[in-house]
Amino acid sequence: MTGKAASYVKKVSSLSIDEIKKKEERTFQYWGPTPDEARKAAVAKKKGLHDKRTTIKEAVAKYVKDGINLGIGGFVNTRVPVAIIHEIVRQGARDLTLSFQSNSICCELLAGAMIVNPNHVSIKRVELAWWGYEVIGIAPLLRYLAGNSMIQLDDYTNYGMSARFKAGAMGIPFIPTRDHGGSDMELVNRGRMIECPFTKKNVYLVSACHPDVGIVHVPAADKYGNARIFGALCTCPEIAQAASHTIMTTEQIIPTESIRQYPNLTEIPWVCVDALIEQPFGGYPGAVYGYYWFDMPEFLSFRSICDEFRKTGNKDKLKEWYDKYIFGCETFDDFMATRPYSKIKQLRQMDQGQPIIV
Amino acid sequence: MPEYGPFEMIAYTGSRVLEDESIVFVGTGLPIIAAMHAQLTHAPSLNMIFEAGSVAAILEQGMPLSVGDTRAFRKACFAKGLCGAFELTQRGYADYAFIGGAQVDMFGNICSTYEGGTYSKPRVRFPGSGGAGAMAANCEKTIAIMALEARRFVPKVEFITSIGFGDGSPEYREKAGVMGSGPYRVITNQALFGFDEKTRRMTLLEVLPGKTAADIQELVSFELIISPDLKDMREPSEEDLALLRNVCDPDGYFLKRKVAK
Numbered sequence: 001m002t003g004k005a006a007s008y009v010k011k012v013s014s015l016s017i018d019e020i021k022k023k024e025e026r027t028f029q030y031w032g033p034t035p036d037e038a039r040k041a042a043v044a045k046k047k048g049l050h051d052k053r054t055t056i057k058e059a060v061a062k063y064v065k066d067g068i069n070l071g072i073g074g075f076v077n078t079r080v081p082v083a084i085i086h087e088i089v090r091q092g093a094r095d096l097t098l099s100f101q102s103n104s105i106c107c108e109l110l111a112g113a114m115i116v117n118p119n120h121v122s123i124k125r126v127e128l129a130w131w132g133y134e135v136i137g138i139a140p141l142l143r144y145l146a147g148n149s150m151i152q153l154d155d156y157t158n159y160g161m162s163a164r165f166k167a168g169a170m171g172i173p174f175i176p177t178r179d180h181g182g183s184d185m186e187l188v189n190r191g192r193m194i195e196c197p198f199t200k201k202n203v204y205l206v207s208a209c210h211p212d213v214g215i216v217h218v219p220a221a222d223k224y225g226n227a228r229i230f231g232a233l234c235t236c237p238e239i240a241q242a243a244s245h246t247i248m249t250t251e252q253i254i255p256t257e258s259i260r261q262y263p264n265l266t267e268i269p270w271v272c273v274d275a276l277i278e279q280p281f282g283g284y285p286g287a288v289y290g291y292y293w294f295d296m297p298e299f300l301s302f303r304s305i306c307d308e309f310r311k312t313g314n315k316d317k318l319k320e321w322y323d324k325y326i327f328g329c330e331t332f333d334d335f336m337a338t339r340p341y342s343k344i345k346q347l348r349q350m351d352q353g354q355p356i357i358v
Numbered sequence: 359m360p361e362y363g364p365f366e367m368i369a370y371t372g373s374r375v376l377e378d379e380s381i382v383f384v385g386t387g388l389p390i391i392a393a394m395h396a397q398l399t400h401a402p403s404l405n406m407i408f409e410a411g412s413v414a415a416i417l418e419q420g421m422p423l424s425v426g427d428t429r430a431f432r433k434a435c436f437a438k439g440l441c442g443a444f445e446l447t448q449r450g451y452a453d454y455a456f457i458g459g460a461q462v463d464m465f466g467n468i469c470s471t472y473e474g475g476t477y478s479k480p481r482v483r484f485p486g487s488g489g490a491g492a493m494a495a496n497c498e499k500t501i502a503i504m505a506l507e508a509r510r511f512v513p514k515v516e517f518i519t520s521i522g523f524g525d526g527s528p529e530y531r532e533k534a535g536v537m538g539s540g541p542y543r544v545i546t547n548q549a550l551f552g553f554d555e556k557t558r559r560m561t562l563l564e565v566l567p568g569k570t571a572a573d574i575q576e577l578v579s580f581e582l583i584i585s586p587d588l589k590d591m592r593e594p595s596e597e598d599l600a601l602l603r604n605v606c607d608p609d610g611y612f613l614k615r616k617v618a619k
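Taken in sequence, the protein lines are chains A and B.
Residue numbers for the first sequence, in our numbering: 1 to 358.
Residue numbers for the second sequence, in our numbering: 359 to 619.
Chain B extracted, bound-state conformation (with noise of 0.2 Å):
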């Protein structure tokens, strides 16, 4: 098997949980580079919206390096603002969100306003929900990209920024008024989630070649349910590499970052 980095490993899970026919609401970074070679690969009549309001743009100048860099329009077929992007998804037509954060619980509930203190006093502010409080509400499945630290996977995020499964009760999303049906996978280097249909807890599918679920478990602050069906994850082969390495982010903007100890 040919040698690879973690946010290459993300790239590549995030592609192949992409399916073919769809629309993904891209964030910026990392889910682009997945779209762009899903698009490359098996899914070529996947299309992007980016929430500065392009749809099915061709990437041919290269990887935005913002959600509302000018070459997220390239060639779209419908460019308009935020408001178009945002109605297309809230009507139906995005089928996934593509979001990252700071913390995730067992529901897919996501915190990316801030770390630490209080809302009126945060230790550690981000920037807000972004689009993704809307992504999370309103495309029909939620992928989320995490750092696998057990302080990322908490028993309660401090803040829900983007809506997961709430408490878990099977009402909770209609009481919210969102569209979505919500979670649907976590992707990290060295495991992949989705969501049990009857309790909506996180569930352990796929692990790194080489890891167990107890490895798993052990950076994951919550229980987690293990799949009786649990699998490797699938690992890139020279081609993807090298479509990921060399089409989607020559530069290595999000591929080559070192992941921070």
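Pulled out of the complex, with its shape left as it was, chain A reads as follows (with noise of 0.2 Å):
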């Protein structure tokens, strides 16, 4: 069994042949760092358990420069790293390329940035498995560029974009699925369909994934950058394994005696940590497992400014809503600083104390 399944040959879907010759005529092309770069880079680290923790603005000002692929960690409005975007955001990043599974706020807040100023923030192409807000409708932002083909996309399932993580993280340069084949992924996406040598049957191929720089955001680690996990774990201990570096932001610091403790909890191992911060509320709007329940309201309120924009054109409120909340803010803690004790207060009581191991 060989060749393709899909709707090509039989012409299932409407999809055209121009659409279809794209991918015909292109030579596949990792979109950040190969196999072998991502190598040289978990090589060329110090291994020494060190103390890693730093600020968010030097941690961005070293690692996120234009033209890298960027790995979002999180997924939906779960433990999402928004306060390392709004840095990114402060300090501006041009041509990115993006890598996540699922993801609202995060490439949101990017796509909205580079609406304000394409010359200080600016998104390439997205390989991703969705863009959106669940229950809160659809992401306005990807609608506006994704319509307007301001950015490339390469449409993965979530379990690809996870797969393509993990053989990052596993250092194999693609690792097969039962996904994707037989769908218009096939025919649009990076990967490849082959007959397996052992099976001789039909296996669908994606490449790893491997971020130039993984932004995640933890419940716990110590300073060193040991990671617990709690609730989802996402794809962050894949993203994290897979990047040549990783930014990490968690709620909390803890001793490095209770990793070494109960090692078995440890999801990230320090040594994929390039840079820790603590940052509490550092996932906010969005949810952290044992912290704080999402603030929906301020999701709604985000997103009725940029489908405002996508609906009419312009762009004022949303340059207010940056200009106020983003460059008008020094760090994240001045950020949160604009919300309410009460409001903060709410989100921990919605999270109804899921018990964690700290």
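Treat the hints as calculated values from the structure; they're not laboratory data.
All C-beta atoms, glycine included, are put in the ideal place defined by N, C-alpha and C.
Heads up, a few of these hints could be off.
As the list claims (entries may be wrong) - Covered stretches of chain A (in silico footprint by chain B; criterion: 3 or more residues with CB under 8 Å from a CB of chain B, positions within the stretch not fixed):
#	stretch
1	13-22
2	172-182
Said to hold, decoys possible - Here chain B is said to cover these stretches of chain A; the calculated rule only asks that three of the stretch's residues, wherever they fall, bring their Cβ under 8 Å from a Cβ of chain B:
#	stretch
3	30-41
4	127-137
From these two lone chains plus the hints, build me the complex, please.
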């Protein structure tokens, strides 16, 4: 059994031949470090247990450059690395490639910054499974950027993107998956159908994804970056291990004695982490299991500003939001200081004390 | 018969379709509600997988508003990440995929990537596959929830996000390298569909009491197979509605939505 299974052969969907040709005419490229480059980055690191604590400002200045592949941790509205995204927007980064499985506010924040000033922040392309707000609605700025062909998208499933980070984390150049085949993703994304040398049946390969910089927000880590995660692991361990460099924010720093007492609880080992910042509420307005639930009104309010821009083309309100909450703030703590204590208290209560071990 | 809304009928029908002693991989909203209702009634040994990595949670904090909601991990038996959830599925431990979409064709192929325009320049770009493409590929049976409208039940979807039976040929899914057996049910508020074993085409199994097969065909842009054993959809009892309204979705996030005209 060989070749394509999908709708190109049988013309099941109305996907145009022009779109299919684009994949066929393209030679494969990693949209970030190749496996060899990622390996070199890992080998070059000092491997000792060193205090990685720094500020988000310094970490972003050191690692986030124009043209990099930025791997974004979390999942939709959960444990999303918002504090780091704010700083990236503040400092600016152009021609970014974004890689993630499913995200909401992080990519919308970058997209909004691009709309406000494309000379300061810009997204060139995105390898993803899903970009939206779930119950809150579809993402207006994705709709705007995609509808105007301002970004290139490369679509996978949530498992496909997770498996790609996993392949990167495993140090292998690709990984076979049992999905994408027979869907139109087979015809447009950068994966390949092959005949398995063992079963002689078709199997779909997706390439490893190595971000230049992985950004993750975790519940707890020691000062070296050994991280514990409660609730959904999302794909954070894989992203941190696949990335050439990882910036990690944590709700709290915990003693190394605790890490060494329960080493099975460490989901990300120190050696994968380059910069660590204790940043309470670093995932706000997303949720962090054991700490706070997500802030629905905040999501709704930011989304409505973005949707208004999409509908009217008027960026005044969007610009005002960024001027006030990103460029008008020196740090993420300054941003959080604009949110009332009553709200913070309520979000903590809504978590209902999910059990964690710190 | 008690009065009920369209989404209540969908959730109730979804619950009926799920068998006990199985695992259902749920998407946000009605699938979670349907699975909760099934657990409380005929399927106490049904368990849910949430794609962020939770298996067999006890949803005592109320319905999660998203599949990554921290509440979806409450008292789970197994909590990992996306790889954990999807690898259990790929291995064969998820019986049902419970997904939605914007368009479906007669072979159960579903589009949830864009509508109008082209892939490179879509008129309306949707979020993308998310978990749906992987669920439709590798859960054993796929259940889809759709709004019954002619513009959604189409001869050709614009983009296959979630694989069904492809062109209907018997070997399509095997050639695609996917593991699950494919489309099983499509649930709407006015009709329940299955798939014909021989032709793999969508088949009308049940209609809302008072509706006819012709009424349903009018809302579908391809030719349906009508089951020779066409039945009325079972309606929810007062008890079922009380569970749905008071226990499963007490805030009415999904059940009280209005149907878009």
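Against the structure, the hints come out as follows:
| no. | hint | verdict |
| --- | --- | --- |
| 1 | 13-22 | holds (count 7) |
| 2 | 172-182 | holds (count 6) |
| 3 | 30-41 | violated (count 0) |
| 4 | 127-137 | holds (count 7) |
Figure legend: structure checked against the earlier numbered hints; the only hint not met is number 3.
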